[in-house]
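J.: Quick mapping for you: the protein sequence lines, in order, are chains G and U. For the first sequence, the positions run 1 to 310 when our numbering is used. For the second sequence, the positions run 311 to 852 when our numbering is used.
Hints are computed from structural coordinates only; laboratory data are not their basis. Small disclaimer: the values here were computed from a predicted structure and weren't measured. Where a beta carbon is used, it is the ideal one built from N, C-alpha and C, also for glycine. Just so you know, not all the hints are guaranteed correct.
Said to hold, decoys possible - Simulated coverage check for chain U against chain G, where a stretch passes if three residues somewhere in it have a Cβ under 8 Å from a Cβ of chain G:
no.	segment
1	635 to 641
2	645 to 652
To be verified - Computed spacing ranges between beta-carbons, pair by pair:
no.	chain 1	residue 1	chain 2	residue 2	range
3	U	Y341	G	F38	52 to 60 Å
4	U	L651	G	G270	24 to 32 Å
5	G	E144	U	G409	19 to 27 Å
6	G	F38	U	P343	55 to 63 Å
7	U	Y341	G	P37	51 to 59 Å
Stated by the list, open to error - Some residues of chain G that are not near chain U, with every Cβ distance over 12 Å (derived):
no.	residue
8	N8
9	K15
10	F38
11	Q194
12	S239
13	K297
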Amino acid sequence: MADIYVSNVKAYKAKKIASNVLLYAFLVIVALTILLPFYWMILSSLKSTVQIEQVPPILLMAPSDWKITNYTDLFVLVQSGQRAGEPLFPFFTYMKNTVVVSIITTIGTTITTVLAAFAFARLNFKGRDILFAILLGTMMVPGEIFILTNFVTVYRLGWYSISNQTYLDVLLAMTIPFMTSVFYIFYLRQTFKQIPNELYYAAKVDGTTDFKYLLKVMIPIALPTIITIIILNSMGAWSAYIWPALISCKDEYRLVSNGLRGAFTDTSTGRTDYGQQMAASVLVTLPLLILFFAFRKQIMRGVSRSGIKG
Amino acid sequence: MKKLLLSFVTLFLTFGILGCVTVGTTGEYVYVPEVMLTELPTEDVEVTFWHIYGEGKTAVLDTLIAEFEAMFPNVTITGTSQSDYTTLRSKINVGVSVGEVPTMALGYPDHYAGYVNAHAAVGLDPYINNTIEYTVDNPLSSINGQTITTSIDLTDFVPSYLAENNQYVGGYYFSVPFSKSTEVMAVNRTVLKQHITEIRALGITISDNGFLSHTVPLTYAQLEALTAILVNTSGTDVAAYKCQFLMNYDSNANLFINMSRQWNAPYTNSAGDILIDNDISRNMLKYINGLFGTNTLVLPTEWTQSYGSTNFIYGDVCMTVGSSAGYSYNVPTSEYKANLLKFGIFDVDFVQVPQMVLTDATDVAVTVDNAAVTVNGDLSAVQQGPNIGIFANATRAEKLYAWLFIKYLIEADNTAWWAMSTGYLPARLSAFTSDVPIAMTGTYSVTYSNFLQIAQDYWAADGDVDWLTTDERWDYLYSSMAANIAKNQNDFYEYDPAFSAGDNSAGSATAREEAGNCLDDIYNGTFSPTDSLNNMKSLLTW
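Given the sequences, and given the hints that come with them, work out the whole structure.
T.: What follows is the structure, given as structure tokens:
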């Protein structure tokens, strides 16, 4: 009996070890798949153009071979012209613009999303369902279709002017058109609808206003979903490319995504200095990584609770 | 039932609302000539100029802007880089819808074709032919009291540059040439030098030190013959001085389009017709496929690269065709790992791009599918690079000063300086003989004609020059070679007809892209030449 027990335990342990080996091997492969592009970006940022084009590619480099000038050259000051005295790649200017636009857009989107989702989930008013259905219907229209109409609107509001565009104009133009998202409203409405009606009625009996109920009850319960919306929206705003490129008239109003695109391409030949471009990409990615590591507990909690992965 | 009804109502309302958006139509183009001002405006004028230049070229441009503003102190030229051509074009296209576009901008011919269709570009003929003399009356001006005109001498421009810029409507100019380049062929002279006798036996002119002719291009028939001498298909053979491939062509699209002209094969026209469905194009592609098969011709896709320069430097291929502005990418240096350079740091020379027909335009017979085919096309080399034009919604004062600025940019001395500083080619013929010294470094100045002379002296001495190692001419030798070759190809530059996408076919930019894909598909074995052409046609027409 004891022998059977021992052999069962051994078999169990063997199975457990085998499954763990398989699991961790899989996880290592997935981790490498995710990390490889980052490694390649950092490695390329330390190579010269000749080294980048080398066949077979260089997979490892000794520190003595690193081309640190890819980084330092980014901060070399422009000697003449309208940007004289500014760095070749105005990293801090672009980053400041990106952070400001991301924050404003995210705050705006979150406010409109919460209020609209609450209205559609909780309040009873005439035409609510048809209005919501119309909103959902607009999700079928690709975002690119709205570019021209948004541009005309922004122009008529006086936020787009080749000669006289101010920083405030460009901030308004970059953020206001993207302060609502039908998908996020739909997403949060579904979460709100899962909150039992009884809580609302109980709050009403206690004399609570709708807004107070939203603030005190619904938002805390739906916080993981709201955090997910904030993360997704921030990522979207951070990597936005087409609209910011269209709407900013001056170089100093650009976002990092636009700055990275053409700053390192030789316009005569169309060839890109990938080493410098990757160095700039590393610098742009760094703040996001720092933020992620600083707030990873909150982010992971928000993502895992809501069941949505960014 | 209620939900079904709701869905219908929703869809109706959604698309109904969207349907309310009016899409502008361009309609038939009616040319309205600009009315010229009779006096120079004295009020403050801002000219906004959109380009795509980075720091280096912007610095050169800014110097020219400063000089212009010194001549016209009431004018401010605000140059803004839009980082890349796609962004530049998109912003102008969207801006046209609200009438908010820059005063002037760089653009490729297909960009200007779109602007003309949208009635957004200004016809420049009234400025070019204007006979009014303007007196500069501003004590702050560096040319105060002088008389100026807006007219320019069109005979001073490379004819095909002009043809590119008046191809749109009624033969009017809607842009003028600014930054131009072409293709040139870099050759591994170290390899050639080892086969002088065999090459001469083919009737090809080559000097004792391996310089091919710089005025007479090689023909593809000669390249086929050279393959037997210079190529070892199983891999580069360093001991025998043979490469794995004879010639790389960086731009697959340029290869297709340039070959079409050399074969006299219809490609596209300014009306937007896609004309590739013809026997000449089919034979051309079969011929090219034959060149691929013998390793006479290779595309960068062979090495999964965008350009073949690196493999040229590695010694995988003996010759490579690329942009004249990118000549430096084809020169091996000590920066490369020595063990990768099969022929070490070899000698490089630049020659004209190969041609199907001879320089005397004699027909050439080639074999396609075991049958003799006569080729009776033209000599052809691509001309590329952006032009510059003015937009219609600017004020008359802005347009006048924008034109004067353009005229200043393309003055012989300025276009020569621009060319030497940026790697582009001068827009005007008189720039080639310009005798204005241009400071290239703190200690070195050179006129454009003397800049061209650097390579000419080197070639005349068969590479045996007694220049000191510190002589600054070494620094400009290869750029001078590329500039000379480009100049020697002036007579047979050709341009792509430019047109926007229409009801039945794609635009010229897409046609060009698919022409390149067509050759890549043949090279990679994805399609046979005929199927690849059919595939290209199906992608471009509907």
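J.: Tell me the numbers of any earlier hints that the structure contravenes, in ascending order.
T.: none
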